[in-house]
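Undergrad: Each residue of the sequence shown is one higher than the one before, counting from 1 in full-length UniProt numbering.
Derived from the structure by calculation, the hints contain no laboratory data. Here the structure is a predicted model, which means the values were calculated and not measured. Take every hint as true, because none was put in to throw you off.
Computed cross-link-like contacts, DMTMM-like style, restricted to lysine to aspartate or glutamate with a CA-CA straight-line distance of at most 20 Å: (1) Lys166 to Glu184; (2) Lys220 to Glu160; (3) Lys124 to Glu113; (4) Lys151 to Glu222.
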Amino acid sequence: MLEFFTSSTFQTVISALNSGFLKTLQLFFITLVGALPLGLIISFGSMSRFAPLRWVTRTVVWVIRGTPLVLQIIALFYVPGIQKWFNWPSGESGRMLAVCVAFIINYACYFSEIYRGGIQGVPKGQQEAGLVLGMTRRQIFFHVTLLQMIKRIVPPISNEIITLVKDTSLARVIALQEVIWMGESFMKGNSGIAGLTWPLFFTAVYYLIFSGIVTVLLGKLERKLSFFQ
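Generate coordinates for the entire structure from the input sequences, incorporating the hints supplied.
TA: Written as structure tokens, this is what we have:
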């Protein structure tokens, strides 16, 4: 058992976990960069006065929110190739691209509902007052609605972002070598080492630290926006 805890073994494991955690960070930030603006666009579709667009958008959101993310990842990665529509790039880059697309679509739909609730939660009287003052609808949205919406949506958006930290582990379902995949691989024989269980549990430290940092940062953001209260 002692050979499982030698300095060289520990360094090999930590190096692999760090490599996997970089993939986790990459997936996390790409998802946020893509899903936050896309969610706002989808929310506009959900509130559109054009009924067909509104119902199509809400149906898509309902389907995405009502099915497991892990199923969406599998379907998006394998179905296009099986149906001969197109093939993702080979190797790790193709897996990362596919899983990023799946995560962005999934989280954009969740964010869209939060945006929609935030926008509709702003009293209509303020919008009407803006029109009376001669403001355009664009000006009303950016100077009246958007600022108040941001304060309202920070807590639920923060919850989704914390969930995203942990959901990144689902990427291993298509063998993307994120941190948990790397930790689990040492049970199966990665780098000539097999039968190690502690690297898998050690991945929890990465998630705890990462989610702790994200929680602190989001808490500071929420306090800075408290002037809207």
